[in-house]
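These are the residues of each chain, in order.
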Amino acid sequence: MTLPQAALVPLVARAPADVVFRAPGRIFTAADLLSEAHRLAQTLPDASHVVNLCHDRWRFTTVLAATALRGQTCLLTSDVSPEQLRALADRFGSICSVADDPAVASPLRHLHLDLAAPGGRPGAEPNPELPTDRLVAIVFTSGSTGEPVGSRKTWGELAARSAAAASRFGLLPGAPASIVGTVPPRHMYGFETTILLPLHAPACSWCGPSFYPSDIRAALASVPAPRVLVTTPLQLRALLRADIHLPPLAQIISATAPLDAATALAAERRWETQVWEIFGATELGSIASRRTATDADWITYDGVRMAPGDAGGAVVTAPLAEPGALSDVVEVLDPARFRLVGRADDVVKLGGRRASLSGLNRILTGIAGVADGVFLAPEDLDERPTARLQAFVVAPERSAEEILADLRGRIDAVFLPRRVVRIDALPRNEIGKLPRQALRAMLAPDADET
Amino acid sequence: MTYKPNDPEPLTGQQPLEQEVARLLVEVLQLDVDAESIVPEEPLFNKGLGLDSIDALELALAISRSYGFELKSDDERNGQIFASLRSLARHIEIHRTR
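One line per chain: the protein sequences are U and R, in this order.
Residue numbers for the first sequence follow the numbering used here, beginning at 837 and rising by one.
Residue numbers for the second sequence follow the numbering used here, beginning at 29 and rising by one.
Treat the hints as calculated values from the structure; they're not laboratory data.
None of these values were measured; they are calculated from a predicted model.
Where hints are given, some of them may not hold.
Said to hold, decoys possible - Derived lysine to any residue pairs resembling SDA-like cross-links, with alpha carbons at most 20 Å apart:
{"id": "1", "chain 1": "U", "residue 1": "Lys1185", "chain 2": "R", "residue 2": "Thr40"}
{"id": "2", "chain 1": "R", "residue 1": "Lys75", "chain 2": "U", "residue 2": "Gln1226"}
{"id": "3", "chain 1": "U", "residue 1": "Lys1185", "chain 2": "U", "residue 2": "Glu1219"}
As the list claims (entries may be wrong) - Here are the computed distance ranges between Cβ atoms for each label pair:
{"id": "4", "chain 1": "U", "residue 1": "Arg1246", "chain 2": "R", "residue 2": "Asp60", "range": "16 to 26 Å"}
{"id": "5", "chain 1": "R", "residue 1": "Pro71", "chain 2": "U", "residue 2": "Val1230", "range": "24 to 34 Å"}
{"id": "6", "chain 1": "U", "residue 1": "Ile1080", "chain 2": "R", "residue 2": "Asp60", "range": "24 to 34 Å"}
All C-beta atoms in this analysis are idealised placements derived from N, C-alpha and C, irrespective of residue type, glycine included.
Could you build all of it, start to finish, from the sequences and the hints given here?
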């Protein structure tokens, strides 16, 4: 299923009565979505950029649709600190924020939305076709130097990729899939799978709680088959360890961190299902998948092509998208098939969030009284749920607590070092670099302590 | 917080269940602190112990194993349960089945 190179794509490519979102005790149809989007479009502040801070997937989607209608661009950021929001304001000027949680404190012009949507008159509003080149979202992630970098997403690219994902995962019009997602909507993976799929493919996305294993079980029990669980390796492992019974699952989809084949196989056996892994990046979106228990190679989505690029990376082309560079080290076997050799060294991922170690180091060494410092990630960061970063600092005049307090608010909480170790000097070599072995040696004594 | 007149002192040190939960926290999350040093009223998340959402998931599994009940997102507000060692221990006291 590939999208024609049409210049226009409908806002909601579903029939009016199709259920697109399901919350506990409530359903939302495509007509409900259009109705609410048109209503919201009239109440949104007059700004060219709207930071969408909504947690609820239905609310998030209505804001996305309303901004798309208005020709505004949604900004999606995992880092919602006031500093980050102010940095976005500095960059874009005409900006506002929207949230559904009254506890959100935004330094921007801010609109709070109540979850209880007023009942509209569904079906009466038009379903406009949007130009494929309309810039509907910019998704932010930490760049290689630590500053936020935005990836621009057009409606055409997002629609084409949703169609490719629907084809890959066998979502059929006759049996719409019930997606239960555990990933936040403002994360690119969560955005694609739990927000965009219901707009472009036969799928309905769950809006209720989905964090704890008991939430996931309850969510799956309250949606019709075929059920698709969209999650992360972290939560999949927690589900396995919780040892709970789940309703029949058509498939499980995992992303954000590498999934090991043993976990995938255990999940397939436990719930008699298939476990698929998506390969993607914020800059590129989802581009490939594999069935982790049996396949080593990744197969690109329909229309997505890869060519070897610089430094072991690859250049990715996809329908209606700008060509993009993949920073992971891959072996391109043919244009539609590749093998992952290694992740880019500088990037660490925790809880679905990504940071650049060199960017974190820059923040650390920018703290008053810190003469030198480095963040280290343990080797098993991807597998061990309790694994966190550590920081080694040369700061004779400052305590570990003071340094931690200074880091707080400047970096995402999951990347805060679990330990701040004060040392006399870092083992820098003659050209001032920190050799990998020397860094590993610094981490080693830890293993003995625990 | 108010105390009955015949209470000798406000609750400041760790109570027995709080001691037990503190040990569970340190063990399960592999924290680099002594269980006895966790101040019952101090925040567990962000400030204080600096826990995050990945820890919450880990903790939920351990609580279900040790105390026989599951944490759910719609339990009151999770923020309140995890606000401090004291609030977490109180929640466990109320819901435990073993």
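Taking the hints in turn, this is what the structure says about them:
no.	hint	verdict
1	U:Lys1185 / R:Thr40	38 Å, violated
2	R:Lys75 / U:Gln1226	17 Å, holds
3	U:Lys1185 / U:Glu1219	11 Å, holds
4	U:Arg1246 / R:Asp60: 16 to 26 Å	21 Å, holds
5	R:Pro71 / U:Val1230: 24 to 34 Å	29 Å, holds
6	U:Ile1080 / R:Asp60: 24 to 34 Å	31 Å, holds
Consistency note: the structure conflicts with earlier hint 1 alone.
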